[in-house]
Structure formats: C-alpha cells, structure tokens
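S.K.: Model the placement of chains S, Z and R on the given structure of chain P, informed by the hints.
Number of protein chains: 4
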Amino acid sequence: MSSILIADLNACSRDDFVAALGNVFEYSPWIAEQATLARPFDGVQQLFDAMKTVVDQAAPELRLALIKGHPDLANKAQRAAGLTAESSAEQNGAGLDRLSDAEFEAFERVNSAYRTKFGIPYIVCARRHTRNSILRDFEHRLPNDTATEVQNSIDEIYRIAALRVAELVVSEDRLDVFGRLSTHVLDAHSGRPAAGVAIELVELSDLGISRVVTRTITNADGRTDQPLIHHRPVPIGCYELTFSVGPYFAGRQVATSNPPFLDQIPLRFSVSEPESHLHVPLLVTPWSYATYRGS
Amino acid sequence: MSSILIADLNACSRDDFVAALGNVFEYSPWIAEQATLARPFDGVQQLFDAMKTVVDQAAPELRLALIKGHPDLANKAQRAAGLTAESSAEQNGAGLDRLSDAEFEAFERVNSAYRTKFGIPYIVCARRHTRNSILRDFEHRLPNDTATEVQNSIDEIYRIAALRVAELVVSEDRLDVFGRLSTHVLDAHSGRPAAGVAIELVELSDLGISRVVTRTITNADGRTDQPLIHHRPVPIGCYELTFSVGPYFAGRQVATSNPPFLDQIPLRFSVSEPESHLHVPLLVTPWSYATYRGS
Amino acid sequence: MSSILIADLNACSRDDFVAALGNVFEYSPWIAEQATLARPFDGVQQLFDAMKTVVDQAAPELRLALIKGHPDLANKAQRAAGLTAESSAEQNGAGLDRLSDAEFEAFERVNSAYRTKFGIPYIVCARRHTRNSILRDFEHRLPNDTATEVQNSIDEIYRIAALRVAELVVSEDRLDVFGRLSTHVLDAHSGRPAAGVAIELVELSDLGISRVVTRTITNADGRTDQPLIHHRPVPIGCYELTFSVGPYFAGRQVATSNPPFLDQIPLRFSVSEPESHLHVPLLVTPWSYATYRGS
Amino acid sequence: MSSILIADLNACSRDDFVAALGNVFEYSPWIAEQATLARPFDGVQQLFDAMKTVVDQAAPELRLALIKGHPDLANKAQRAAGLTAESSAEQNGAGLDRLSDAEFEAFERVNSAYRTKFGIPYIVCARRHTRNSILRDFEHRLPNDTATEVQNSIDEIYRIAALRVAELVVSEDRLDVFGRLSTHVLDAHSGRPAAGVAIELVELSDLGISRVVTRTITNADGRTDQPLIHHRPVPIGCYELTFSVGPYFAGRQVATSNPPFLDQIPLRFSVSEPESHLHVPLLVTPWSYATYRGS
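Protein chains in written order, with my numbering: chain P, 39 to 333; chain S, 39 to 333; chain Z, 39 to 333; chain R, 39 to 333.
I should point out that these hints are in silico values taken from the structure, not numbers from a laboratory.
A few of these clues could be false.
Ranges between beta-carbon positions, derived for each pair [claimed, not checked]: (1) Glu278(P) with Gln84(R): 44 to 54 angstroms; (2) Glu278(P) with Pro181(S): 34 to 44 angstroms; (3) Asp46(Z) with Thr252(S): 48 to 58 angstroms; (4) Pro304(P) with Glu210(R): 38 to 48 angstroms; (5) His269(R) with Arg290(P): 32 to 42 angstroms; (6) His269(R) with Gly81(P): 29 to 39 angstroms; (7) Gly234(R) with Ser138(P): 46 to 56 angstroms.
For each residue, glycine too, the CB sits at the ideal point set by N, CA and C.
Just chain P, with the same shape it has in the complex (with noise of 0.2 angstroms):
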C-alpha cells in the first residue's frame, strides 16, 4: 500500500477513494464507498471517524458479514487459501505465522471455541498485541455474552481500520494509534550516561520460545539512536530486555570480581497500553542496580 494526501482523498473520483481506501475494512469496500459522502474531511481523524459513523449506522445484519469476514488467526487452511495482503501482514508481525506447536493448538483450541459459543470468528487487532496477549484475551472474552462480543468485534475492527487508515493517510493531524517503547543507561560509577551498551528486547511467550523484538548498543548519550520499538502499537505483553553491563565495565578497566557481580541484567515487564511511551531506564553500578517505569 502506498501513502495518500488527505488533500487527494478529498479531490479524487469516489472509484479512487474506494481503490485507495477499500480494503481498510476487511473485504468491505462499502464503507469507503459509503464514506464518501461526508467528504471534504480536516483530517485523518475526521476521515476515519465517518468511516466508522458508516459502520456504526450500518444494518445489524451487514455489521455481521463485515465480522465474519474477518480471518482467524492463525489458521493454517486459511492461509493456504489465501488472506488480504494487509491480514497476512499484521498476522505475521505478531509472529502467528512462526507459531510453536503448543501455541498452534492453542489458537486452534480458541478459535473453535470461540466460533462455537458465538458463531463468529475470534477477532484481536494483532498488531497491539503478541502471541501471549491474544490467548490471555480470549480467556477474559470467552464467558461474555454474544451481545457483548458482537460490540468487543466491532471495537477490534476498529482499531485494525484505523492502524490501517494511519500507515495509507498522509495528514497534518494523526491519528492516536501509535506508542513507544525506550530505554536509557545510566552508569551510577562514573556520573555519565552509558555508552556502548548492547541491549537485546525478547518477546516471551508462555508456550512458544521467546522472539528477538530488536537488538541495538547505546549512544553516547546511553540511550538507543531509535527507540526500541515506535511508529507502531507496542504489542501488549511480556517482554525483557537485557543490558550486557559485564563487557561495559569491563571495557571502562573497572575493578570487579571474578566473575563480575553483573553481566547481563535482564529486566521483565508488561506492556498494557499498546498506544503509550513507556520508558524503561537502567541505573547501573558493577553491584547494584535500579529501573522504574518512566514516561
């Protein structure tokens, strides 16, 4: 997919917009076509929240197709079959494309589970969460009533339309669907921030082998020249990050033990708000260290 001015969606022929913004609602090219009308619009944000008036104002009956047009996740037969560019690709950046086999029954188990009591598909917008997250999800969905998962479905499809529209619109406003996590050595021996520091960010999964999220060394200013993960979600779930701190040191010609004290500091924690900054900070000596959750 490429980019579009919103200055363009606002000009362009009603074939354009439904060719430029067709598929940000799963094989339901209606809503583009529908959101038309309300043009001309400010910005994205004005633009999606029409898109969405459109769904909102739609036949309960055509509410439901737009679900169970929806794919499951992770399911082998359907990707054999064939998922719209933008499923595939949102499955595969949450990793349910590299599924170990606990987790592939797993999400089999959900799915069908889930498509029994309430005759739709199990819907998440992947892209805010990890393999983890969407299991721990369904457990807190499954006793909920069909009236209430109808509404959690449509909220889900929301937030992948508008993951969508973010990554196609190009707009002076934007919408709030990104977050940032970072990170920040600070070496407490010296009084200065750590430099070269290798840090490592794994995703953890209950069932799964963990997944390397990013690897990267600490500037000058200890600090990461990229935040560890931005211009996305940060996926809801368990992470940790390790700070190689034994080479540090040892490259400064610090005194330490044998083996030092420290060496690789893992610290573990959760992302919950996917749209947030989270800053995870390291103040670190050779024997003592401290972390907190920063903004």
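M.R.: Chains S, Z and R alone, transformed into the frame defined by chain P:
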C-alpha cells in the same frame, strides 16, 4: 559419615583416628595416620593444618599419587566402577550426575585435554563450583605449566579436604569454608517488609538446562526463614533469583496495570567468593525496583 | 534511681516496695502501695498492669488529683520551685530546658490555653516526643472535649509510668516501651559497606534551632557500633541524618568532580512510632544515592 | 544592552561596531576597534575569536591595563563610585550586593591579599560562580605565581567577555557559554510522573545565609515548565533542591504515617561545570527515594 568431637579425636587410638579421618584425602589414609603424631589439637583448624603439613612435607611422588588418586569429574565409566562415597556426593551436589549432552561432551573434552597435557586428572573442589564455573576455570588453567597445575591440584585437594573435615569434626572453632546467600524483599509501596513473596533460585548454565536450587517464600520480615544457601560454600557461578511480585501486590489489592508492569522479577548475578556472605535484596514497588550486592 | 529485681520487689516489705516504686506515678505513692496487694508478680508487665489497674479502679477525684499533680511542660516558675527528679530529667531529655524564645512562648501559650479549657495541665510523655511534636499534638488535642482529654491525660501518664518502671525494674520480660533508630551505608561504587563515614543526627524544630542528637562514624560493616537511638523511645519528630560522603570517597581516591557532586548528604525524615525499629540506610555512589524506610 | 545581528555588525561603520561591542571588555573599547579589521565574521564564534586574538597579541602593558581596569568583587567604595552597568549586573547576579557581614569581610580579605601579592585585582567571571565558589577559588589561586595569575585573569576576562558577547550578538551559531539545571519527579508509588510537587532551589553559603534561586512546581510530566536554571551558566557552588512530597502524597490520599515519613526532601549537590546540562531527578514513594546525576 557421622560427626566426631575434637576431644575424642585427641583421645582415641591411632586406628580409630584413621578410621574417622582416613577418607578426608581421597584414597590416602596415610595422611591421617601421620597427622596423629601432631596430637593433641586445640581445635579443628589446628587439626586441618597438621594434615596439610603432612601433605606439604610428603615426597613429590606421594603427592603425585595423591593427585592421581582423584577421579575425573563427571566420568561415566568411573561412576559405573564406583567412586568413594565422598566424591560421589560432592559431584552429585554440583549436578555432575545430571548433565545435558552438551555439558557431558564438554566435561569429556576437558578431562581428556587436561590429562593429555599434564598427565593428571583435572581436579576441582566441586562443592565450591557450578557446572559452568568448572568449565570456565578449565579455560584459565589449561594454558598453565605443569608445576603450576600440580600446585593448583594440591590447593583444590586442600579445599576438598577442608570441607570434609568441617563436616566430620565438631569443635568450638570452625574452618572458614562456608558461605551464605541471602535475600530480603522490601515493599517501598507500603514501606513494609514484603511478606509472602514466592522466590525461586536457579543456577544458570551455558550449555545445559537451568537447575532450581531452592524455592521459598518470604516471612513477615521480608526475609526467608533460612538463607537461600548456607552451611556450605556458595558455588561459584551464575544465578537467577526470581521474585513473584505480581501475585504479591495483587494480594494486597494494589492497583496496577493489566497485565501488571512487574510480575516475575529476575535478578541475575554471579557468585565469585564461595566462603563469603552475599546478600541480594530487592526494593520494589509495582512500578520500580532496585537491588545491590549487600553483605 | 537504681534498679531493682522483680524477685526483690515480690519479697520486700510494703514500705520498701513503695520506697522503690512510689515515684512511678507523679506525687502518687498510693498507687504503688495498693499494687503491693497484687504481689507476687511474674514479671514487669504483670507489675505494671497491676499499677494501671489501681489507677483504672480509683475514684474519679483521685484520678483527677493524679492528673493535676503533673507539672506544666517547660514552665520556668515551676522549674525554679523544683520538679521531681524524674520530671526534670524527662523534660530536659526532650530539650525543654533549652528552648528558643519562640518555642518558650509557644509552650506558655499551649499550657495556658489547655488549662483554661480543661482545668488540668497539658500532659505529654516527654520522652516519646520532640519539641515540635509536643506542640503539634496540642493542636490535635485542644478541640477535644474534657472527657476525652481526661482519658488522654491518663494514657500519657501510663506511658510516663511505663518508662519509669522499665528503667527501674529488672525482669526477664520487658515492657514494650523502647524503639530503635539505625542506619547503614552501602558504597555501591565499590560494592562494599562504607566504613569511616561521619554521620550526624539532628532533631529539627519549626520554631527553634536544630539540636544535634548524636555524631558517629560507620564501622567496617557500614553500620554504627551503637544504633543512633536505642534503649529508649525514638522521639516522635522530624530529623535530618547527614552523611559525609565527600570525604569518604576522597579518602578512597575515587575520581569525582571539583567540588564533588555529593559531599554532605542529608536525609530528612519523621518518626511516628517511638516504640518501633526504624532503619534508614544510605546506598551511595559519588553520583547517586537512595534511601528507604527499612526495619 | 540591546541585541544586534551578526550581519549588521559586519555591515555597520567602525564607530557603530565599537559602540555596540566596546564594553565587552571592561573599559577597553580598543579591543572592539581592532577586531573590526577582521570583518566579516561568519558568526559569533568567529567574532569572539577575533576579539580574543586582539587581546592575545596585545603588548603586555596593554594586557595588564586591561586586567587592572577590572573592579574588585563586592567592594563597597567602588560600588559607591560606580561600576560599569555590565559589572554591576554581573556582581549583583551572583549576590555580591547582598553579602552577610562575614562574607563581606571574607571578600575584603581576599581582594586585599590578592592585590598585595599580585598587584592586580582578583578577577573572577561572577556569572559562573556563587559566593562560596569565589572564595574557594581564591584559596586555590593565591599560592600561584604572578605569571600564572596574569594568565588566569585573562582567562576569566575571556569568560566575562564571552558571556557579554553571547547576550549582545544574534547569530545562527552560539558560543558554548550556557548550561542548564533541570529536575524531574517520578512517583514510583503510582508509576506516573508526579505533578504539582512544589520545588525550591537554594544556593547554600558557608558564611552567609542561603539564597533562594527559584521556586516552582512540577507539571503533568513531573518536570518544570522551565529548567531551574538556563540561558546562562549554572553557577559553580553548592545547592539544595527541596521537594514537598508530603503535601503531594497527602493530596493523592496515599496512606502514610503521621507525621509522614517523608515530607520535605532535600537533595544537596554541587555544580562544577557551569556550561553543562545537569539533571537531578527524584524517584520517590512515601517511604523511599533515589536521585542521581543525570544529563
């Protein structure tokens, strides 16, 4: 092995003395035998020094025989043929009877390379070590010359013997052969010691699987009723101490995020001085924590 | 006052008993006299409870006389006329003999306002308080009704009496009337307890000048040989504990800035529970520090 | 003094140039005059370097005259007779017009001892200093020989001049003469920035009374809207930054002790690098806090 009073060792017959202490040095009752000549002993330190003096003053070929009398570490054939009860317990205590395949191969390689170069077995006081540190020490010792390694072997044999003596002999004085690892959880959210926090101590291994050393729970003082490791050397190596703070704060109805920012907090650290007291406390809120090497 | 064994108090004559304990309640030997009837006592707690029971069961006018027998706090005229030795020592211990002019006026105002409203002296167990906390408590008590303040007076008299008994009587059990204030300095730059750090504890005052409670220096364990305050209640109030870390790190040849970022570190905190153990540690590098309420 | 564009300084007449910059060096318009020969200047750094070159290449007697043209610090007679507007503002900014008697005597002694030994006034760039650091620097400089102090005087004059130029001249580049002192309060009890915390920054003085530098309050980010000190050098000296955390936590209905364990938290630290960015954060709960030198 049952314990014996220093007074009884001073008063008993030479045969009974050797019966009691003959296994302190592997397959070398002659050391205990000659040490009887130095009786009476004020205490266990004087007794142990007398035994060391016997070894220090022994002819080189006797010392070499003492060294060669020691088994390889984690050698299956030797285990099948039978180790002394002491060696077996000491090796098992370090987990050498439950190695992963990769560790097994590493130990075979180490034993063989060491024997090939020096003509003697690779001797390490296993109770002062973990699987990892035994293999790491080897890397430091292999480049040495033979004279250095003969002395290193004797030093390790003294450490082995000191621990055997410390457990056999009851005396007012003590050999300085035991260390201690302890922890303490302070809840800085409530300003109180954190009671009821589940704690797990795991020995990490580069080549094998982690091994649970102990599981326990904090008492009303935020401490554990017993130190995590005590009445023995704290094995040199890398550990992870994990605190279940998520359930702790949930049990106190403290408002947090969902999932909680902090749930299982791992502190990863190394032990370098087996005979010291190492204190690794946790100062924690639902949003921050700190640790340091205390004493 | 010299100390006396509980066994001797059980065995001695009624006159000797009263001679020993007659001053426990200010100008009221009749309380000790009646308490002899409850002999023998298992220990000091039982003895003290018996004395309280005498007061609890005394006629209202006797209780009022007991209350009225107490001196004002920091009253110059009464001091000139002579206080009991006990009252004098207790008031002086709280610094009531060295008030600033502003404090003096405040105490006069308090005594007078209290007497005017309730017809009795304002009674506080001075050993549990600082100048500040006595004046603050007054603000809380003045709005009360007379019945409440009669009871509050009796409660304070019990606290005064309990401390006098605790210092007079030797018994295996102890009255729970003493607290403790301690500290500990951990040098996170070297990973060791900080030895040789000069420490000053000061009692702060809103109206007067600060008063040095104690000056000391840390030992090899980073602790003080004696707790900062012990064998007595820790007076309710606000304190500043100052650590000379600049000289400490300079003495260890640790490179810092000029002047050093941290030189004299003040920790300002309040005591609210005089009978508890309060631990206020300092975890410090030349560039950072942390403290917490420990126990 | 009003500001002037570098382009205008390049284009204006020699007289206008001298009119604009004649006071950059105290009573020495000849320096600006000669610097006009080096026009045009790319920016303010090049301009300032040109002025320094004039001084560097001036005859020794001219340089000495420049030095001798400077006033004493805190000299009442000279103040009465009139200082340049620049000197007056600079000295007042450092509080030299509001000295305690003891400080006044100290400055008199310093000026006199320095003049007696070296025959020149004791010159310090007052905007980079506090009362304390001026007096401390004197102790370091008095033992020097005359050549060293002539050079030190020139260096201080350059610092004074650089600050005057930086405030006079508008250019795309900047002289590196300003620093910054900032803070940040993170509430580790709630895991959020602490908003609404009153903060007071005080300059401490060994001989005089403390001087409030600024009072402010944290915003929604736990920061202050403006840095505590900025757009100027951060004066070398000792400071105390006090945070009103008692009222903050009380306002959030957090249960604490009475009186609260922590109420006013003082952080006492020194500034050694006036042109750097110094960040002094507070990480706090009702029962614990930590700080560190950040950047």
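S.K.: It remains to establish, for every hint, whether it holds in the given structure.
M.R.: Verification of the supplied hints:
Remark: the range hint 44 to 54 angstroms for Glu278(P) to Gln84(R) is upheld by a beta-carbon distance near 51 angstroms. The hint said 34 to 44 angstroms for the Cβ distance between Glu278(P) and Pro181(S), and at roughly 36 angstroms that hint holds. Between Asp46(Z) and Thr252(S), the C-beta spacing of about 50 angstroms keeps the proposed range 48 to 58 angstroms intact. A hinted range of 38 to 48 angstroms for the beta carbons of Pro304(P) and Glu210(R) is consistent with their spacing of about 46 angstroms.
A hinted range of 32 to 42 angstroms for the beta carbons of His269(R) and Arg290(P) is consistent with their spacing of about 34 angstroms. About 36 angstroms separates the C-beta atoms of His269(R) and Gly81(P), a value consistent with the hinted range of 29 to 39 angstroms. A beta carbon spacing of about 48 angstroms between Gly234(R) and Ser138(P) agrees with the range 46 to 56 angstroms that was offered as a hint.
No hint from the list above goes unmet by this structure.
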